[in-house]
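Participant: Make the full structure from the sequences, and use the hints.
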Amino acid sequence: MKNEKLGSGESGLETAISYMLIVGVITSLLLEIAGIILLYRSYGNLAISQDARVFIRGRDFFTFIYQQFTGSHPAGPGILLMTAGIIALILTPYLRVVASAIYFGVEKNVKYLVITLFVLIVVTLSLTLH
Amino acid sequence: MLNMVSLGVLSIFVGFLGSLTGLGGASILIPVLVLFGIPVKEAIASGMVAIIATSSGSASSFVRERITNVKVAMYLEMFTISGAIVGATITTIIRPTFLYFFFAAFLLTAFLRFRHALKEFMPSPAQDRFSRWLGLHGSYFDRYTGQVVEYKVNNSLLGGLGMLVAGLAAGMLGIGAGAFKVTVQENVLRIPPKVSSATSNFIIGMTALAGVSVYLFSGLLNITLMAPMAVGTTLGAVVGGRLLNRFSNKALRVLFFVIVAYLIVQMVYKGIASL
Numbered sequence: 032m033k034n035e036k037l038g039s040g041e042s043g044l045e046t047a048i049s050y051m052l053i054v055g056v057i058t059s060l061l062l063e064i065a066g067i068i069l070l071y072r073s074y075g076n077l078a079i080s081q082d083a084r085v086f087i088r089g090r091d092f093f094t095f096i097y098q099q100f101t102g103s104h105p106a107g108p109g110i111l112l113m114t115a116g117i118i119a120l121i122l123t124p125y126l127r128v129v130a131s132a133i134y135f136g137v138e139k140n141v142k143y144l145v146i147t148l149f150v151l152i153v154v155t156l157s158l159t160l161h
Numbered sequence: 152m153l154n155m156v157s158l159g160v161l162s163i164f165v166g167f168l169g170s171l172t173g174l175g176g177a178s179i180l181i182p183v184l185v186l187f188g189i190p191v192k193e194a195i196a197s198g199m200v201a202i203i204a205t206s207s208g209s210a211s212s213f214v215r216e217r218i219t220n221v222k223v224a225m226y227l228e229m230f231t232i233s234g235a236i237v238g239a240t241i242t243t244i245i246r247p248t249f250l251y252f253f254f255a256a257f258l259l260t261a262f263l264r265f266r267h268a269l270k271e272f273m274p275s276p277a278q279d280r281f282s283r284w285l286g287l288h289g290s291y292f293d294r295y296t297g298q299v300v301e302y303k304v305n306n307s308l309l310g311g312l313g314m315l316v317a318g319l320a321a322g323m324l325g326i327g328a329g330a331f332k333v334t335v336q337e338n339v340l341r342i343p344p345k346v347s348s349a350t351s352n353f354i355i356g357m358t359a360l361a362g363v364s365v366y367l368f369s370g371l372l373n374i375t376l377m378a379p380m381a382v383g384t385t386l387g388a389v390v391g392g393r394l395l396n397r398f399s400n401k402a403l404r405v406l407f408f409v410i411v412a413y414l415i416v417q418m419v420y421k422g423i424a425s426l
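Heads up: the protein sequence lines correspond to chains A and B, in order.
Throughout the first sequence, residue numbering follows this note's numbering, covering 32 to 161 in sequence.
Throughout the second sequence, residue numbering follows this note's numbering, covering 152 to 426 in sequence.
Hints are computed from structural coordinates only; laboratory data are not their basis.
Quantities reported herein were computed from a predicted structural model and do not represent experimental measurements.
Take the hints with a grain of salt, since some may be wrong.
Claimed, not checked - Okay, derived cross-link-like pairs now, DSBU-like style, lysine-lysine, Cα gap no bigger than 30 Å in a straight line:
(1) B/Lys401 x A/Lys142
(2) B/Lys345 x B/Lys303
(3) B/Lys421 x A/Lys142
(4) A/Lys139 x B/Lys303
(5) B/Lys421 x B/Lys345
(6) B/Lys192 x B/Lys421
Facilitator: Given below as structure tokens:
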């Protein structure tokens with residue numbers, strides 16, 4: 032298994048990240064396609080809307096995710112699925128940084144744990160503070 | 152007027168062209184959306200979301216094959232995300248007129264890849280102290296030559312600053328800025344071309360996330376725009392990647408020049424018209 036010694040040397044991390052990326056993207060695209068089909072069945076057209084309900088709104092990203100699962104959805108199930116697809120897409124690179132931080136933590140690689148945590152904290156603050 | 156189906160089909164075509172020319176889907180799609188009357192800021196914000204899909208999808212296989220250097224990516228992402236957050240914040244507050252001109256100007260950096268493509272890459276035998284302290288080195292198996300290529304990263308601080316500029320442009324214009332990132336990685340950081348492309352693809356997804364985090368609640372992220380763009384550009388990029396080897400280099404180069412020239416003219420025209 033020559034390849035396992037290559038790259039930056041983090042073979043377990045790389046395998047995990049590779050699967051996280053592809054699963055995240057495929058999940059997201061399937062949700063988008065299902066949402067578009069449902070939207071067509073509900074409204075009979077697929078116009079690009081400027082209705083306030085098709086814009087992502089909220090106070091912070093994580094509260095926004097919570098609201099999608101708990102609140103009412105006046106725009107219908109099509110928009111809800113498409114929104115879930117966008118959430119899956121945004122979470123894909125986010126979760127791979129979380130996985131990297133856990134990996135470097137377990138490996139006790141303090142230097143890269145600090146670097147990864149910097150990236151994670153900055154993006155989390157940017158997703159949260161509005 | 153565009154609807155989600157026509158935008159999806161258009162995005163497949165643009166994703167295909169973006170993959171063939173190396174420009175990326177968003178660099179072409181944003182000017183096209185502007186042509187169809189979509190507000191430039193909305194097109195930029197939606198472009199950032201589509202980028203997460205195309206770059207993460209294509210980055211996956213490079214990571215699995217150990218061509219991407221995850222440590223280099225994590226280090227450089229500190230700079231690109233900081234730049235992207237600043238860039239996206241600027242976009243939310245400046246006049247759209249400036250964005251047309253900035254977009255046209257940054258498209259010129261796409262020509263950089265031709266300059267360095269002519270030179271043979273020479274790995275750096277030595278390494279500066281900071282890069283060594285960061286442990287920035289690696290190796291990959293080159294299927295073309297059948298050899299393991301080892302490399303040492305250099306000039307990490309200067310390369311980081313270059314990535315700050317790349318992130319700023321990406322966040323501001325809703326694009327991946329891949330050509331610029333690859334140029335910095337090859338010429339400043341002395342990373343081999345294949346590792347540069349793979350690592351750049353990987354970084355682009357995170358940089359786009361940082362840009363999106365600013366646009367999230369700015370009222371610019373339209374779900375009916377983002378969904379067909381993300382699906383279409385990703386499918387187009389997959390098809391483009393598979394068919395890339397069937398085109399001659401000359402045909403791809405002509406296609407590249409025609410598209411970039413058209414996009415620059417269109418954005419400059421739009422900028423002048425909006426003065």
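Participant: Next step is simple, just say for each hint if it's right about the structure.
Facilitator: Hints, one by one, checked against the model:
no. : hint                : in the structure
1   : B/Lys401 x A/Lys142 : violated, 45 Å
2   : B/Lys345 x B/Lys303 : holds, 14 Å
3   : B/Lys421 x A/Lys142 : violated, 47 Å
4   : A/Lys139 x B/Lys303 : holds, 23 Å
5   : B/Lys421 x B/Lys345 : violated, 36 Å
6   : B/Lys192 x B/Lys421 : holds, 13 Å
Violation of the numbered hints given earlier is confined to hints 1, 3 and 5; the remaining hints are satisfied by the structure.
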